[in-house]
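Given the sequences, and given the hints that come with them, work out the whole structure.
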Amino acid sequence: MVTPSGTAPIVELKGASRHYGPVVALSDVDFACHAGEIHAVLGENGAGKSTLMKLVAGVVQPEPGDVLVDGHPVRLSSPRVALEHGIVCMFQELSLAPDLSVRDNVLLGARSTGLGFFSYRRMRDVRALLDRIGGEGIRLTARVRDLTLPDRQLVEIVKALYREPRLLILDEATSALNASVVDRVFALLRERRDAGLGVLFISHRFHEVEALADRISVFRNGRHVETFDNGRYGYGDIIQRMVGQSIDELFPPKASVDEVLGEVVLAVDGLTWNGRLHDLHFDVRAGDIIGIGGLDGQGQITLLQALFGVLRRVDGAVKIGERQVVPENPRIAKQSSTGLALVPEDRKTEGLIPELSIAANLELAQLGHDGPGDADFEALAAELELKCASFAQPAAALSGGNQQKVALMKWLALSPRCLLLADPTRGIDVRTKTQIYALLRRLASKGVAVVLLSTDHEELVHLCDRVHVFYDGRIVSTLADEELTSEAVVTASLDPGAAA
Amino acid sequence: MTLPKPGNPRELLALVCLVGMVALYFGTHPSGPTTYVMTIWANQATILALVAIAQFFAVLVRGLDLSVGAIVALSNVVASHLLSGSAFEIAYGTLAVLVVATICGLVNGLLIVFGRLQPIVATLATSAVFGGIALLLRPTPGGAVDYDYADAMTLDVAGVPTALILMLVIVLGFWLPLRRTGFGLSLYAIGSAGQAAWQSGTPVAGVRIGAFVLAGFFAGLAGLFVSFVTTTGDAGIAPTYTLNSIAAIVLGGVALRGGVGSLFGAIIGAFILKTIAALMFFSGLPPLAQPFVEGLILALAIAIGSVDVLRMRHRLEVFDR
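Line by line, the protein sequences are chains A and B. Heads up: the first sequence runs through residues 39 to 538, numbered per our numbering. Heads up: the second sequence runs through residues 467 to 787, numbered per our numbering.
Treat each hint with caution, since some may be false.
Computed footprint of chain A on chain B, listed as stretches where at least three residues anywhere in the stretch have a Cβ under 8 Å from a Cβ of chain A [stated by the list, open to error]:
#: 1; region: 563-571
#: 2; region: 658-668
From the structure, some residues in chain A lie toward chain B, with a derived Cβ separation under 10 Å [to be verified]:
#: 3; residue: Val126
#: 4; residue: Ala148
#: 5; residue: Asp221
#: 6; residue: Thr340
Part of the chain A face toward chain B, derived, beta carbon under 7 Å [what the hints assert, rightly or not]:
#: 7; residue: Ala135
#: 8; residue: Thr151
#: 9; residue: Phe155
#: 10; residue: Arg159
Think of the hints as simulated: they come from the structure by calculation, not from any bench. We treat Cβ as the ideally placed atom computed from N, Cα and C, and that holds for glycine.
Written as structure tokens, this is what we have:
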């Protein structure tokens, strides 16, 4: 355990907050990272970890709040400025240019590169670094586009180290790497740490944090909960701090046990696609709300897209409505004989066409549909308490919550028998969330089968009847009844081996 | 490590096509590959190649420059006013033409980066402005360019067309060194993934402006070369150059989404288009069929480059292309 005393931290945040529209990503956070220390940040999805990284890396600025580097207040207005202070970030969303070679990506934007002539002299160091962390097979002249995801992550790590940082930020840097490669990366990081490098480390893999970190900070709902030395608390205690308490009044009561569930509406048997979904089995019955959970990007959204006919060549048997196969395309998926509806993840790009009027957006799902075609949008709007001046308003003029209501109405008007929802409450205020929860429960009691993908564990626990937790395109755990707790969902998401 | 970009298959394919076409052209030409025939061919192709280079720099950073043709016309018109008199006056005039064109490019870059206009819209507007100035300066074709100067630039040196030497100088003396600079690297990075480039600490705004400045400069060079070939000024030549420059870079393997391709590819594409025109001239096909054949070849080239869409299994990814 290294805690340099007397020297100012490399970076310190004081009272830092950050909002995205009405959504609070970080709120009044004090945080410091020191030289010669590996500092891990833990928290659920949406806890504010990525925003914290972006503040330190100069991608966004605190509003309000202060950033201090070596004890002096500074404004990290861009990644370039952060780099000049010795802060280098390896981002979760890959920061490599796919059409450039490995070599050129490493050189890009480095302090020694500038805009003038650069030299390939230090390429020997790059080669040595790559070899050391398990990238022996990566040619320096290979295009990044042609590399596998794990290889790209290795290039990202080397690119970051090439900039000779004082503080290195790793945001899910090792998420695609296998255990033996991770060990080699960690050995290198420890060596650099002993030479004075500060590391800020975000990982969802708890055992990695345990193995690498000197100190751990826990974040929850945009707030800094606690910072402590690694080893002070056990696994259960840390999970407890990440999850916090639940808010019961937010959610409607679940269906009582006596209520008889309807027939199976959606039966998925061995669904497999393109190396991203593996042999999925589950049923959804009329009246069920089935939760789909797990870390980001473990195949949850891909599953909904597969069911809705967005993907080509899906294998496996799927019984939906009167059909025995996966719909060929979304137009077939929405016909009343199939009766599927998908409310996608991003309402601005996929769920709605923001420039068009509310009325036009609502009509879009009706096009090519074989239903009665005289949907009562007014009644739906009243039921969802949609706040708008008129249906002629562009969808973009509405608040996020009301936009989501329009995206829901558009599909509810088709009276689907199975409703697929991708994170419908992300970035939405609490009041609208409660309304949407109540609506979903009402729909279920009317016999609609609901599949709810969510990154919010509270939602999965308190709203859903059964939750399938995904990891790497597989269902690693299915939770229901008493087993269905936040702790269980988080544990299954983070550590699929232990949960099985 | 001599090749600027290893393995752009479309560029290689274009080069092979060009070599084949050129061999066919000089093989079937009634007078054979004489210096005279080669010079005329090279001059025509070089004008388009310079415009294509201009377009290439704009497209490389995810822009499309609709004003390149207008800058060519404006440069040509300015040249027809200034490229005569004493050697000093001609030198000054040449410099003035290039400065005017470069300023045009700078205006485009500033509008796009700081005015936050889409490149296609910004350059549509400025193309009308630049073209309008050219018309005001020379309402009807006319003016003159010093004949000795024009001849020096459009004839040959020891049997090799001057135009080809100019192309060689641009590739060896400008392009290959540029690829070894942080600026050149940033051009590709911005076109390939602008956000990644910014997160990597690249000065994205400055480099994008720089790309449009280079586009202006090369359009100015093209305007100068038009003046050497025609020895007059004509404000009405803009539209064909703009459209052909886009066709040329696509043929040369430059991706319109940015980040892929090279200046060398842009030159190859331009030479292919002009060689097709030259081949048509002797093929016995009616001259009016030329746009038809050019369009067919362009459509074919684009189709070959897009076959991978058929293999995509995630339908939403098709929209990202």
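Hints versus structure:
1. 563-571: violated (count 0)
2. 658-668: holds (count 10)
3. Val126: holds, 9 Å
4. Ala148: The hint holds - A:Ala148 has a Cβ within 10 Å of chain B, the shortest such distance being about 8 Å.
5. Asp221: Hint on A:Asp221: violated, closest Cβ of chain B at ~27 Å, above 10 Å.
6. Thr340: holds, 8 Å
7. Ala135: holds, 4 Å
8. Thr151: With a minimum Cβ separation of about 4 Å from chain B (threshold 7 Å), the hint on A:Thr151 holds.
9. Phe155: holds, 5 Å
10. Arg159: violated, 12 Å
When each numbered hint is compared with the structure, violations occur for hints 1, 5, 10.
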